[in-house]
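Q: The residues making up each chain are set out below.
2 protein chains.
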Amino acid sequence: MSHDHDPHEFSLAPALENRWSPRAFSRTEVLDSTVLGSAFEAARWAPSSGNSQPWSFVVGFRGDETFGKIVASLASGNQVWAEHAAALVANVAAVVDAEGNPQSHAIYDLGQAVAHFTIQATTDGLMVHQMGGFDAQMLGKELMLSSSQRVVTVMAVGSAGNPADLPEKLQEREARPRTRKPLSDIVEGSARYA
Amino acid sequence: MSHDHDPHEFSLAPALENRWSPRAFSRTEVLDSTVLGSAFEAARWAPSSGNSQPWSFVVGFRGDETFGKIVASLASGNQVWAEHAAALVANVAAVVDAEGNPQSHAIYDLGQAVAHFTIQATTDGLMVHQMGGFDAQMLGKELMLSSSQRVVTVMAVGSAGNPADLPEKLQEREARPRTRKPLSDIVEGSARYA
Chain A
1 MSHDHDPHEF
11 SLAPALENRW
21 SPRAFSRTEV
31 LDSTVLGSAF
41 EAARWAPSSG
51 NSQPWSFVVG
61 FRGDETFGKI
71 VASLASGNQV
81 WAEHAAALVA
91 NVAAVVDAEG
101 NPQSHAIYDL
111 GQAVAHFTIQ
121 ATTDGLMVHQ
131 MGGFDAQMLG
141 KELMLSSSQR
151 VVTVMAVGSA
161 GNPADLPEKL
171 QEREARPRTR
181 KPLSDIVEGS
191 ARYA
Chain B
1 MSHDHDPHEF
11 SLAPALENRW
21 SPRAFSRTEV
31 LDSTVLGSAF
41 EAARWAPSSG
51 NSQPWSFVVG
61 FRGDETFGKI
71 VASLASGNQV
81 WAEHAAALVA
91 NVAAVVDAEG
101 NPQSHAIYDL
111 GQAVAHFTIQ
121 ATTDGLMVHQ
131 MGGFDAQMLG
141 KELMLSSSQR
151 VVTVMAVGSA
161 GNPADLPEKL
171 QEREARPRTR
181 KPLSDIVEGS
191 ARYA
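Keeping their order, the protein sequence lines are chains A and B. Quick note: the working numbering has the first sequence finishing at residue 194, numbered continuously throughout. Quick note: the working numbering has the second sequence finishing at residue 194, numbered continuously throughout.
To be clear, the hints were calculated from the coordinates, so they are not data collected in a lab. Positions of the beta carbon are idealized from the N, C-alpha and C atoms, including for glycine. Careful, some of the hints might be misleading.
[To be verified] Here are a few chain A residues that sit away from chain B, every Cβ distance over 12 Å (derived from the structure):
no.: 1; residue: Ser26
no.: 2; residue: Gln53
no.: 3; residue: Asp109
no.: 4; residue: Ala115
no.: 5; residue: Asp135
no.: 6; residue: Ser159
no.: 7; residue: Ala160
no.: 8; residue: Asn162
no.: 9; residue: Ala164
no.: 10; residue: Gln171
no.: 11; residue: Arg178
[To be verified] For lysine-lysine, the following DSS-like pairs were computed, each having C-alpha atoms within a straight-line distance of at most 27 Å:
no.: 12; chain 1: A; residue 1: Lys169; chain 2: A; residue 2: Lys181
no.: 13; chain 1: A; residue 1: Lys181; chain 2: B; residue 2: Lys141
no.: 14; chain 1: B; residue 1: Lys169; chain 2: B; residue 2: Lys181
no.: 15; chain 1: A; residue 1: Lys69; chain 2: A; residue 2: Lys181
no.: 16; chain 1: A; residue 1: Lys141; chain 2: B; residue 2: Lys181
no.: 17; chain 1: B; residue 1: Lys181; chain 2: B; residue 2: Lys69
Please model the entire structure based on the sequences and the hints provided.
A: Now the structure itself:
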């Protein structure tokens, strides 16, 4: 396990500093609703456009039916590691509101709710890895979502595992330092950063 | 000032528990790049699809040119309180990548980066209020963004102010308790909440 990254000038809250997206999750850990309660509570209190709260979450725990449906929808490169995590969650946006109007901010708002989930889960000693590589149409059907709902991302949740359990190629990737564009590339206007 | 809300069963990290979106910001406070450094650093380290980091931020401080451009783009209902905040930030997504392909996750990823910004800012004693009510096309033009970029939200940033400075109608709103759908409405699958 490694979460090495570039040194940076400004200090971060521990949950933000320590968050990263592993592939090696504990293969024996058992999670339940209670352990994930605070993380879902954090998602619940995220801000959204007009307080529309256009998000929902379909949770599977390793071995149950929902978990199996999510695993089956994953791209093979994700399946190989994610199928061992203690929990898999489908992150769902209500892209159309009750009156049939598109909710243009639903996907943005879902991103915020998942970020809040992740930061609370990290605070609670769990790790989260989000994925875009899955068959959203198939999964929406399997989970019996309505036509107004879309699975935007899937996330694996659990405690850190042993990187040696991963296929060799992913072991190397697991140890790779995290990188980002410099602050000066992403902030413009009156704020200036090195 | 009030951030009353429903009691909830599961405890949250302080920055998530205390976060809310005020309209009364300090009208005299002066912020600069250094004070916002950790919040932008938090946004920088957010996760994104394939580590594409499809976000950028255009910052204005009260009285400067960028600030004026953002204020001018706001819906009047937002202008009346947001023009007094110490900083206004345009949150920008790169909706098309360098090869001209749509980046379907850009808006979701920006939502996460703004959530990370907000949680770090809250940790640092600041408050953040995001807005969707503004002229995105006009603002993009004024800020000379490229055609691949879109301002998705604008946010006011600063310390708490005096609600008595707000128009009467907004004073009432400022004191209203925060509410959300119950956890049981937003979590499905194998997890069960009351």
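Q: Beyond 12 Å from chain B, beta-carbon-wise, is arginine 178 of chain A?
A: 8 Å, violated
Q: Taking the minimum C-beta separation from serine 26 of chain A to chain B, is that value above 12 Å?
A: Consistent with the label, serine 26 of chain A stays out of reach of chain B, its closest Cβ about 18 Å off (over 12 Å).
Q: With 12 Å as the threshold, tell me whether glutamine 53 of chain A passes as away from chain B on beta-carbon distances.
A: 5 Å, violated
Q: Given the hinted pair lysine 181 of chain B and lysine 69 of chain B, is their alpha-carbon gap at most 27 Å?
A: 36 Å, violated
Q: Examine each Cβ of chain B, and state whether all of them lie more than 12 Å from the Cβ of alanine 115 of chain A.
A: 4 Å, violated
Q: Minimum Cβ separation between asparagine 162 of chain A and chain B greater than 12 Å?
A: The assertion about asparagine 162 of chain A holds, with a minimum of 22 Å to chain B.
Q: Quick check for students: does the CB of aspartate 109 of chain A sit more than 12 Å from each CB in chain B?
A: Answer for aspartate 109 of chain A: violated, closest chain B Cβ roughly 6 Å.
Q: Straight-line Cα separation of lysine 169 of chain B and lysine 181 of chain B no greater than 27 Å?
A: At roughly 25 Å apart (the allowed maximum being 27 Å), lysine 181 of chain B and lysine 169 of chain B satisfy the hint.
Q: Straight-line Cα separation of lysine 169 of chain A and lysine 181 of chain A no greater than 27 Å?
A: Since the Cα atoms of lysine 169 of chain A and lysine 181 of chain A sit roughly 25 Å apart, the hinted pair holds (cutoff 27 Å).
Q: So alanine 164 of chain A supposedly isn't at the interface. Is its beta-carbon more than 12 Å from every beta-carbon in chain B?
A: Label holds. Min Cβ-Cβ 24 Å, cutoff 12 Å.
Q: Quick one: work out the minimum CB distance from glutamine 171 of chain A to chain B and report holds if it exceeds 12 Å, violated otherwise.
A: Consistent with the label, glutamine 171 of chain A stays out of reach of chain B, its closest Cβ about 19 Å off (over 12 Å).
Q: Looking at aspartate 135 of chain A again, its CB stays over 12 Å from all of chain B?
A: 15 Å, holds
In the structure shown, a violation is registered for the earlier hints numbered 2, 3, 4, 11, 15, 17, in ascending order.
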